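Here is how the chains run, residue by residue.
Protein chains: 2
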Amino acid sequence: MSPERTITIYGPGLLGGSLALAIQQRFPDAELRLWARRDSAAEAIRAKGIKARCLADAVAAASRASLIILCTPVETMPALAAQIAQADLPADCLITDVGSVKGSVVRALSPILGTRFIGSHPMAGSEKAGIETARADLFQNAVCLLTPIEGADTSRLRTFWQALGCRILEMTPDEHDQKVARISHLPHMMAAVTTIAALRGDPAAVACVANGFRDTTRVAGGDPGLWTGIARENRPALIGCLREASAILTELLEILSKPDDEALRRFLAEAKALRESLPAAAP
Amino acid sequence: MSPERTITIYGPGLLGGSLALAIQQRFPDAELRLWARRDSAAEAIRAKGIKARCLADAVAAASRASLIILCTPVETMPALAAQIAQADLPADCLITDVGSVKGSVVRALSPILGTRFIGSHPMAGSEKAGIETARADLFQNAVCLLTPIEGADTSRLRTFWQALGCRILEMTPDEHDQKVARISHLPHMMAAVTTIAALRGDPAAVACVANGFRDTTRVAGGDPGLWTGIARENRPALIGCLREASAILTELLEILSKPDDEALRRFLAEAKALRESLPAAAP
Numbered sequence: 013m014s015p016e017r018t019i020t021i022y023g024p025g026l027l028g029g030s031l032a033l034a035i036q037q038r039f040p041d042a043e044l045r046l047w048a049r050r051d052s053a054a055e056a057i058r059a060k061g062i063k064a065r066c067l068a069d070a071v072a073a074a075s076r077a078s079l080i081i082l083c084t085p086v087e088t089m090p091a092l093a094a095q096i097a098q099a100d101l102p103a104d105c106l107i108t109d110v111g112s113v114k115g116s117v118v119r120a121l122s123p124i125l126g127t128r129f130i131g132s133h134p135m136a137g138s139e140k141a142g143i144e145t146a147r148a149d150l151f152q153n154a155v156c157l158l159t160p161i162e163g164a165d166t167s168r169l170r171t172f173w174q175a176l177g178c179r180i181l182e183m184t185p186d187e188h189d190q191k192v193a194r195i196s197h198l199p200h201m202m203a204a205v206t207t208i209a210a211l212r213g214d215p216a217a218v219a220c221v222a223n224g225f226r227d228t229t230r231v232a233g234g235d236p237g238l239w240t241g242i243a244r245e246n247r248p249a250l251i252g253c254l255r256e257a258s259a260i261l262t263e264l265l266e267i268l269s270k271p272d273d274e275a276l277r278r279f280l281a282e283a284k285a286l287r288e289s290l291p292a293a294a295p
Numbered sequence: 013m014s015p016e017r018t019i020t021i022y023g024p025g026l027l028g029g030s031l032a033l034a035i036q037q038r039f040p041d042a043e044l045r046l047w048a049r050r051d052s053a054a055e056a057i058r059a060k061g062i063k064a065r066c067l068a069d070a071v072a073a074a075s076r077a078s079l080i081i082l083c084t085p086v087e088t089m090p091a092l093a094a095q096i097a098q099a100d101l102p103a104d105c106l107i108t109d110v111g112s113v114k115g116s117v118v119r120a121l122s123p124i125l126g127t128r129f130i131g132s133h134p135m136a137g138s139e140k141a142g143i144e145t146a147r148a149d150l151f152q153n154a155v156c157l158l159t160p161i162e163g164a165d166t167s168r169l170r171t172f173w174q175a176l177g178c179r180i181l182e183m184t185p186d187e188h189d190q191k192v193a194r195i196s197h198l199p200h201m202m203a204a205v206t207t208i209a210a211l212r213g214d215p216a217a218v219a220c221v222a223n224g225f226r227d228t229t230r231v232a233g234g235d236p237g238l239w240t241g242i243a244r245e246n247r248p249a250l251i252g253c254l255r256e257a258s259a260i261l262t263e264l265l266e267i268l269s270k271p272d273d274e275a276l277r278r279f280l281a282e283a284k285a286l287r288e289s290l291p292a293a294a295p
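One line per chain: the protein sequences are C and G, in this order. Take the first sequence: its position 247, counting from 1, is numbered 259 in the numbering used here, and each next residue is one higher. Take the second sequence: its position 182, counting from 1, is numbered 194 in the numbering used here, and each next residue is one higher.
Treat the hints as calculated values from the structure; they're not laboratory data. Computed from a prediction, not measured in an experiment: that's the story for all the values here. Treat the hints with care, as some may be off.
As the list claims (entries may be wrong) - Short derived list, chain C residues pointing at chain G, Cβ under 10 Å:
1) 255
2) 256
3) 263
4) 268
We put the beta carbon where it would ideally sit given N, CA and C, even for glycine.
Build the full structure now, drawing on both the sequences and the hints.
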């Protein structure tokens, strides 16, 4: 029998809602609970076909849960963890989150929850937010990064994410934040910079856009509040990456100003080779 | 009867090959010719199911053609135009191109070909190159920018591109180059900068990538030689856009360094609003 008897998800947005849908498919015997601050969430949850008990009391939602997953903005997690710690938790209770930063989350939650908490970061999402955009296959073929502290056993959490279709990588919380600054937070900010640079001075140029612009700037459509929180929590690593990007942009401007076609060809060939080093996308 | 009796395409790559496939569907009565420098191209053309006469002689390929479309790299177009001008062209011969820059192309080709030449730029393509990647629906729902010189009648060219599924915008060659620098050449270079900034210092971070990184950097996989040519031909406009991007990146770094969460939220909200001003993507 699966150890995931009762699963509580905190925060029914895109990630929490998608998790609920995926858990319904893959763990049909588990009792599913959703904690949402607003009562109005219950209707949206039902409308997505999620069969779960909806609770607004954070302590009651955790009571006797075997698996707890925090899907709220990272800045709300410490207060939730403090409430969860007050609940009647079974001995095998496993707690995780899906936040985009791990250093600050793990440093805040581990003292409260101990080794029963292990940070997760499934690399899946969308520029769209809200439970309306949730889908059961969101985690299929995504990488899920786990950031256990010393003494934590990840085997059960690995099995859980693998059941949802994820490939697992383990690393320290700080290593996570460095890598994710590079491949998620940096591209997000660069998409915003590109969008503003392209259109602030000539909004009418939007009439000419093609797929290249759409793709390059897609994530700039993400929620400003959510991304302000992520940037705050991973500020030093993000600033480091953006300074690197600024230096590389200066390098490119120098090449173009000379102009040096051969150097430009080498610059673009370096980008192409790095781009082609990506693992093949899932079909 | 359609005026497009005999159509010659110069350069059977992604764009030329896709044009050939689309023309076969939409102008089944037209005689189709493809000019390619290499004899080996004929086999790849046949393998794509394109029924066309393949010619390696640029003058013979133009002879008695009612519509000529240049799909070669922009730097090769002036020499081709000089050869086409020597051919036996019918009075109603219409000549266009699909190059990504228009100022330099129109300035070079108009003195040779007169008002029978009108620049086109269908905003369609891919980071992949070569006739193997050609597809008949490449132009479906794309914007096609026309850049007629004074005295040129665009009605027939509009009808042609509309038959292939394009929406038409007309502007001057210089206006084209400014707008396209913003919404195509800038994003291309920013995708390259983002890719290098993310991965040059830690190539192993590639193991963590998700769809956000894939989309933001997709066009960085484009052909370095082709894009070096495009950057050369549209250098002043591109440098202007990249300097703007550099200033905006500095603005972002200052916001993050303070840090000023409210200013960051405004910055990201500006990007989101501009991103959402894009016309809806074709289904």
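Cross-check of the supplied hints:
1. 255: Because about 7 Å separates residue 255(C) from the closest Cβ in chain G, which is inside the 10 Å limit, the hint holds.
2. 256: With a minimum Cβ separation of about 5 Å from chain G (threshold 10 Å), the hint on residue 256(C) holds.
3. 263: Hint holds; residue 263(C) Cβ to chain G Cβ min 9 Å, cut 10 Å.
4. 268: Constraint on residue 268(C) satisfied, holds at 5 Å.
Hint compliance for this structure: no hint is broken.
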